[in-house]
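Student: As you go down the protein sequences, you meet chains A and B in turn. Here the working numbering is used: position 287 in the first sequence is 287, and no number is missing along the way. Here the working numbering is used: position 18 in the second sequence is 318, and no number is missing along the way.
Nothing false has been slipped in among the hints.
Quick list of in silico lysine to aspartate or glutamate cross-link-like pairs, EDC-like style, CA-CA up to 16 Å:
1. B:LYS417 / B:GLU303
2. A:LYS176 / B:GLU525
3. B:LYS486 / A:GLU226
4. B:LYS406 / B:GLU369
5. A:LYS189 / B:GLU525
6. B:LYS476 / A:GLU225
7. A:LYS186 / B:GLU526
8. B:LYS476 / A:GLU226
9. A:LYS154 / A:ASP125
10. B:LYS374 / B:ASP352
11. A:LYS139 / A:ASP249
12. B:LYS359 / B:GLU372
13. B:LYS486 / A:GLU205
14. B:LYS486 / A:GLU225
15. A:LYS189 / B:GLU526
16. A:LYS176 / B:GLU526
17. A:LYS186 / B:GLU505
18. B:LYS406 / B:GLU372
19. B:LYS489 / A:GLU225
20. A:LYS186 / B:GLU525
21. B:LYS489 / A:GLU226
Hint data in this document are derived by calculation from the structure and do not stem from the laboratory. Note that the coordinates shown come from a computational prediction; the quantities given were computed from them, not determined experimentally.
2 protein chains.
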Amino acid sequence: MKEILVIGSVALDTIASPFGYSKEILGGSATYFSISASFFVPVNLVATVGVDFPEGHKKTIRSFGVDLEGLETKEGKTFRWEGSYVKDMNCAETIETQLNVFAEFKPCLPKGYENSKYIFLANIDPDLQIFILKRFAGKRFIGCDSMNHWIKNKNRSLKNMIKRTSIIFLNDLEAKMLSGESNILKAGKYLLSLGPRFAVVKRGEYGAILFSKNFVFMAPAYLLEEVKDPTGAGDTFAGGFMGYLAKTDKINEKNMKNALLWGSVMASFTVQDFSINRFLKISRKDIEVRYKKFRQLISI
Amino acid sequence: MKEILVIGSVALDTIASPFGYSKEILGGSATYFSISASFFVPVNLVATVGVDFPEGHKKTIRSFGVDLEGLETKEGKTFRWEGSYVKDMNCAETIETQLNVFAEFKPCLPKGYENSKYIFLANIDPDLQIFILKRFAGKRFIGCDSMNHWIKNKNRSLKNMIKRTSIIFLNDLEAKMLSGESNILKAGKYLLSLGPRFAVVKRGEYGAILFSKNFVFMAPAYLLEEVKDPTGAGDTFAGGFMGYLAKTDKINEKNMKNALLWGSVMASFTVQDFSINRFLKISRKDIEVRYKKFRQLISI
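So that you can see chain A by itself, here it is in the shape it has in the complex (with noise of 0.2 Å):
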């Protein structure tokens, strides 16, 4: 078993959904992915906040056993997104992003993070993934997301950072945007051709996709009677994704694709309530119970 590190964003979201509306509720890739992480192994979370940030907030991402010595605190205010899905729960329209302090973070890591072998580098500006990658020598298992903005303004820093990564998690939108492709298959091979030995295309209520040189491998999404909330859910998926690797801390195919499996397992129960509030009132053991049903399943 390995620590995780991961570095991005923790936020205030505002979510409007056909299941109500909450205001500044807890959020921030980080923050969903290192609480998904955490029911795996111990996670160190690299991010910052304003000093309007709740204390209450960091109190609940520590109840996870998320080390928080790597959260900045910096003058001025939190980095806000508000959301909404009233429209389409596969699709988030944005309302308005604050970046805030955000807009200025630039990663310091504790002592004793650079020795992470399993790191994750959330959706923020290439630039600064890459600065981040170069604090870090040697045999490492690094996954990486982006989105369309970096695709459209950071191109070429986009690709340079992917391809000193191990694993890069897209959605299907932004798959084919980098690529070019309008067809998944082409667009997950385009992936693999940056550098990556892995590449996961995830398809929201749809499932994901693992790509790599010598296997693909599909996956459902777990089925659910009500989504109440989807924000999180990619990172809640790499979370749990990672942190089974980093449990395992042996990278084969049969470990890939369960680790497929336990990122949908936990981007399940994300989705069942607003912010992280699902995993408040979940178990290890709730997880594996849902593990072993989702292997039902999609089991012959």
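Start from chain A and add chain B according to the hints.
Tutor: Leaving out everything else, chain B in the frame of chain A:
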């Protein structure tokens, strides 16, 4: 091994897709179903065409071992459908529908056909489907399909028909429309509540879900680098599904799950070319090879 009987349409389709324009090519639900099922068992087809239906098309269907004694030729023109996938490969835009002799279709079963144990009622007027069902007494395995038009305009007849079948095949939009549920899991459960032992919800390129009282099974669709014409994928899926069941002639959980995979494999061939053309170029061996690949793609 048992024979299959299919009652549906044999048509002349005119298709526009990003890969070309094909005028008056062989189409129709019974055509796609029967050719797909013919790779598993002998198939008997009941449909009607006009005097303008090319003899060559009949020869093509017969070349798959499909019995056409039940294909009635009537004074008038053959059912014609014109559709376009230029805007969206996942959703046909109907340009024109000419029912022609199909408007007066009154299925007439040749002697011996009524002994069929496996029967597929393709998408036709539910009152006609009920009319056919009344010809069959005793233990049968009956599959059915339908469409938005009948859900809207013959809802009561449709539900009466579904009640008498063993399995219903609908796509996700139809399942949601018939059930009034926006959630696919709830929609699947609703379909079962109407009476059939099994319900299959097809999700196009995202795979299919099999519902039963005792288990649910999901599989993604077989990944393809190129889709030329999705017409007939649903009927081809049903043909592979029912064909495999008729071949094994044993309704149990494992066979039902495998039937879904065989259906997916058959559908993946159809969409690779216009009309049923792909099936003219493949053998049972090609199908088995793809099934094996598909199993690898979804297995841990």
